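These protein sequences, in sequence, are chains A and B. Per this note's numbering, residue 1 is the first one in the first sequence, and the count goes up by one each step. Per this note's numbering, residue 1 is the first one in the second sequence, and the count goes up by one each step.
Be a bit skeptical, because a hint or two may be false.
Output of the computed footprint for chain B on chain A, the stretches with three or more beta carbons under 8 Å from beta carbons of chain B [unchecked claim]:
| hint | stretch |
| --- | --- |
| 1 | 109-120 |
| 2 | 126-132 |
| 3 | 135-141 |
| 4 | 226-235 |
| 5 | 259-270 |
| 6 | 289-300 |
Don't read these hints as lab results, they were simulated from the structure. Since we're looking at a predicted model, the values are computed, not measured. Where is the CB? At the ideal position from N, CA and C, for every residue including glycine.
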Amino acid sequence: MPDTFFYAAEVMLNGLMAGVMYSLVALGFVLIFKASGIFNYAQGVLALFAALTLVGLQEGQIPFAHIINAIFGTDLHHFGWTLPAVVAIALTALVMVGIAIVIERYILKHLVNQEPIILFMATIGLAYFLEGLGDVMWGSDIKKLDVGLPQGISDTIEEVTYNWFGYGFFIDKLDIVAALVAAALVIALTLFSQYTKYGRALRAVADDHQAALSVGISLRFIWVLVWSIAGFVALVAGIMWGSKSGVQFSLSLIALKALPVLMLGGFTSIPGAIVGGLIIGMGEKLFEFAIGPMIGGATENWFAYVLALLFLVFRPQGLFGEKIIERV
Amino acid sequence: MFYREAGDFKTTYSEDSQTFPIKFDRIRYYAVLAVAFGVIPFFINDYWANAVFVPFLIYSIAAIGLNILVGYCGQVSLGTGGFMAVGAYAVYKLMTAFPEVSILIHVLLAGGITALVGVLFGLPSLRIKGFYLAVATLAAQFFLVWLFNKVPWFYNYSASGQISAPERDILGIIITGPNTTASAKYLFCAVILLALAWLARNLTRGAVGRKWMAIRDMDIAAEIIGVNPLAAKLSAFAISSFFIGVAGALFFAVYLGAAEVGESFGIQKSFLILFMVIIGGLGSIFGSLAGAAFLVLLPVFLKNVLVGMLGWPTDLAAHIELMIIGGLIITFLIAEPHGIAQLWRLAKEKLRLWPFPH
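Based on the provided sequences and hints, a complete structural model is requested.
Here it is as structure tokens:
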């Protein structure tokens, strides 16, 4: 078979893997949107913040070192120890829970019953705040995140495919890990929401706030819970993205890509987030491969959005979203 | 005592339906105009023009434009930066292609071109609503920025990929280019803002504006009482984009002088202008101005305090500024979701009863 075919197949596979990364961010969006109807723009920044915190804890950075130095004229930067990755991840997860509690207590509680656009704006404000906080706490230089995940091109896959097709596929090991982690995450989330008490409460809240309240489910607790889970998902996404391309500000922009993923899959559907991510990841890589060179390249910047836009014109609720019913 | 309708007798219908029915408001309005056109141009220097007044005027135009779309017609848009880029590149192409035509006409034409592009990207709004639409407008943002980066025709094949404004004048007074005086920049933008704000105010309280607001409040109900959603939504997109295009043209030609599309008209600009609209107050022309003033002044103020007075490094100050802006936005939304315009309305209500509140 011609090499271009295999090359296209390889591009597609890599696209699928990139799509998994988008899905990881999109997953957090969907969780929050389902449970509270909030379109959480800050999800990307949450991932960035989680990754920054993780690196900071792991390397024993002193938080707020910059500002302390600026005020007192000292020259602090590190505590001088390094934490093992597992401990750092656990601590970061705790920090994300803390953030969830703070968000619920100081923002969401006061904005109950506001219009969706106001809540959306509040999450943009939150995104700005967290972005600034992350930089002030841990410094804004690009950091390397290494929690011991495998890196580089997978030799086994290259060998096996070479023996089968006479063409070696280049696939990043990290992408494979990300795909496995995403699958595990989705399974865990599904099990959690189907078979545990709190999972059921979560689904009840997603279904109908008032009915859930009337059977004695605490909305505020559920919100803290769902933001904590979203924070945890953000942490996973942050680890994956951070290991791939370093922890830096552009991480939160990559997360914007999760928006077209959501539109494609539907705001309210977890499988939609996964399928949407795969379609977008594959679509943009193939488009860049096939059409990109003809029109100047770098089409990945906009392809996802335009695809989602065109798709929505034909199916306004996305692939798996609930049908939008409007009544007067 | 002074601020009330009582005693201000209206004898014609046009007097009765004027924008400022209260005499005090009218006097205040003319006083503001007198200061803006009679005092500031004589005292303005380069620092004040570039740091405060010119960006304020230009962002006000953009904020009014976005407010028409989001606040009056209820269509959330995140593509403002992209539309400003259309205005900027349109005015650049016009300025270089037809040097003999007046810059004022170029700016207005650039607005018109942006209006056409806006209508094109507004078409999906007939099918897509709410947040889906907001994300769909991101397509406009990223696609347009990419387009201006990748097609050399738009930047006249210049080696750096930048566009820079040639020198143009009106009646012998230089408006664009490096030799422009502060007061010329200021006056040019101020005149355009005044004209457009007047236009927006009168559009939004007329039949067109009422149709927009009906669509905003509930589009199906509006359709049933005879508002054509196609015409209403697309006219909102067109007029809003016209304003934003004019703002983009001024931002490039008068304020920046030279621009690179990703840097000057990126997604951050879209959010900035959306913040101005939200903080100022959705559905209020005054709110757009107030929001623009607030978000132009805040960074200047913070920078002066943090860097100038406390002597902190600029990058740290920039991060703290982000935190403060984010925190303020949240505080504002919690304390007053309807923005500065609502505070202003409350103040006027209080003033009406003053000094006898009961």
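Which of the numbered hints above does this structure break?
Violated hint: only 4; rest satisfied.
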